[in-house]
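For this one, chain A is given, so just place chain B on it according to the hints.
Number of protein chains: 2
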Amino acid sequence: MQNWKVTLSYDGTEFHGWQVQPEHATVQGTLAEAIQHVTGERVLPQGSGRTDAGVHALGQVASFALAAPIPAANLMRALNRSLPPSVRVLAAHKAAPEFHARHDARAKTYEYRIYRGEICPPWLARYVYALNWPLDFDAMQQAAQAVCGEHDFSSFAASDPDLKTRGEGEPVCHVRTIFQSSWSREGDLLVYRVRGSGFLHHMVRNLAGTFLDVGRGHIAAEALPQVMAARSRSAAGPTAPARGLFLASVEYDQEGQP
Amino acid sequence: MQNWKVTLSYDGTEFHGWQVQPEHATVQGTLAEAIQHVTGERVLPQGSGRTDAGVHALGQVASFALAAPIPAANLMRALNRSLPPSVRVLAAHKAAPEFHARHDARAKTYEYRIYRGEICPPWLARYVYALNWPLDFDAMQQAAQAVCGEHDFSSFAASDPDLKTRGEGEPVCHVRTIFQSSWSREGDLLVYRVRGSGFLHHMVRNLAGTFLDVGRGHIAAEALPQVMAARSRSAAGPTAPARGLFLASVEYDQEGQP
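Heads up: the sequence lines are chains A and B, in that order. Counting from 1, position 72 in the first sequence corresponds to residue 72 in full-length UniProt numbering; the numbering is continuous, with no gaps. Counting from 1, position 174 in the second sequence corresponds to residue 174 in full-length UniProt numbering; the numbering is continuous, with no gaps.
This is chain A alone, in the form it adopts within the complex (with noise of 0.2 Å):
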């Protein structure tokens, strides 16, 4: 067996996120399919972390083991010429027998991406979340910057009841560090780019809505410690949209690298 290593780029917007699942198009069930297709073989590529439905990647990690023998660049070529257009294999890698996306994955990067201007060009409608009304951009910044550190991001965390304890009762383990977090403007776009060792589920898109409420005066810059100390998602501001969203990169120590 051949364990590999692949990059995927993807619209979100027409899968019921990354985790494959009965009756409905999901990115993990595509790319099982493709890999199907290709070899023969049925596996379940297993992805750095689960993306949301309508959230997008631009350099999605996952990992599967393969026994028939393939050239990386001919696996990658067959993978593209089997997916549809809205999934893409950037590359394609051997990777060492022991590598998995999720388990070796030392840090995340994502985006979160605010169109402002004045009319949303249809083209980018599915990639944005456009927003006209005016933001404080350095609450914003100052904001994003409060979040840097290891912290219990509880009040950034989805409220999903099946999530908040794992197995018999044990609570799930909320705290995480966040390397990097900060704001950019990039022509009509407003860009928050966070660095982490991990997320929560929705904590970046809960980490964006509740930074657009700073923008927006609901909440002060100056609060941000406050709101995490809380460890209350009612603390935080709302979450934003799926489709603004973008897993960036993942990064792995040198033994994920072929």
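Please keep in mind that the hints were generated in silico from the structure rather than gathered at the bench. Note that this is a predicted model, so its numbers are computed, not measured. Hints are supplied without guarantee of correctness; some may be wrong.
[As the list claims (entries may be wrong)] Below are the SDA-like pairs computed for lysine to any residue, each with C-alpha atoms no more than 25 Å apart in a straight line:
1. B:LYS94 with B:LEU44
2. A:LYS94 with B:ILE119
3. B:LYS94 with A:GLU118
4. A:LYS94 with A:ALA72
5. A:LYS94 with A:ALA67
6. B:LYS94 with B:ALA32
7. B:LYS94 with A:ILE119
8. B:LYS94 with B:ALA105
9. A:LYS94 with A:PRO71
10. B:LYS94 with A:PRO121
11. A:LYS94 with A:GLY40
12. A:LYS94 with A:ALA34
13. A:LYS94 with B:PRO121
14. B:LYS94 with B:ALA67
15. A:LYS94 with A:ARG77
[Said to hold, decoys possible] Just so you have them, the derived chain A footprint on chain B, three or more residues with Cβ under 8 Å:
16. 9-15
17. 83-90
18. 119-126
Note that the Cβ used here is the ideal one computed from N, Cα and C, for glycine as well.
Below, chain B without anything else, positioned relative to chain A:
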């Protein structure tokens, strides 16, 4: 009654073209519904011309008359609130009573976009024809320039049996004047831009498909005069896919302007 001229941008992917059809979503029908939602008036906006299913617009123009007095800025904002994100009103102006978006159009410009990179990003897939094989740019440019001027474009007209005659068997005129016709390299894109007095059904896609055949060496650039002289669809190349085509702009004499 006040006559209106609106400029529209749209993503044609999920529409069955411009022209209203029972049972199918069309741009004209969607705009009519938005106008009715905003004003209560049932009108059929007249476009500068039809666009086919999957064809996009950067600047389609439509005209319609309304009884309701409404400031132009309010009409534009209200239509954009009512329309889906795939259709945007870029401008709305009061027009002279006799203005008609189709009858008064003096020139139109179309763009056809080819993606030349190795892997087409998912967010461009709906808006380009991804074509990775070698193309002779200079030959394509020479062929594009050969169609400038007044010509019978029968070789590039869709072979729709119902369009060959008009009314009582009168043959449709296939003579059109092309003012500008050229290819340009724009980053990872090759863009064909053509400005003319008017265009036959499928004409731009048939021109693009023929120039791509020239780029691949299947048709000689020097053969374009013979291709036109043949006045036969089979003398030209294939119809390029709808998704690469954009109606870029429509020009009017002064009376069409506010």
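Which constraints among the numbered hints does this structure fail? Numbers only, ascending. none
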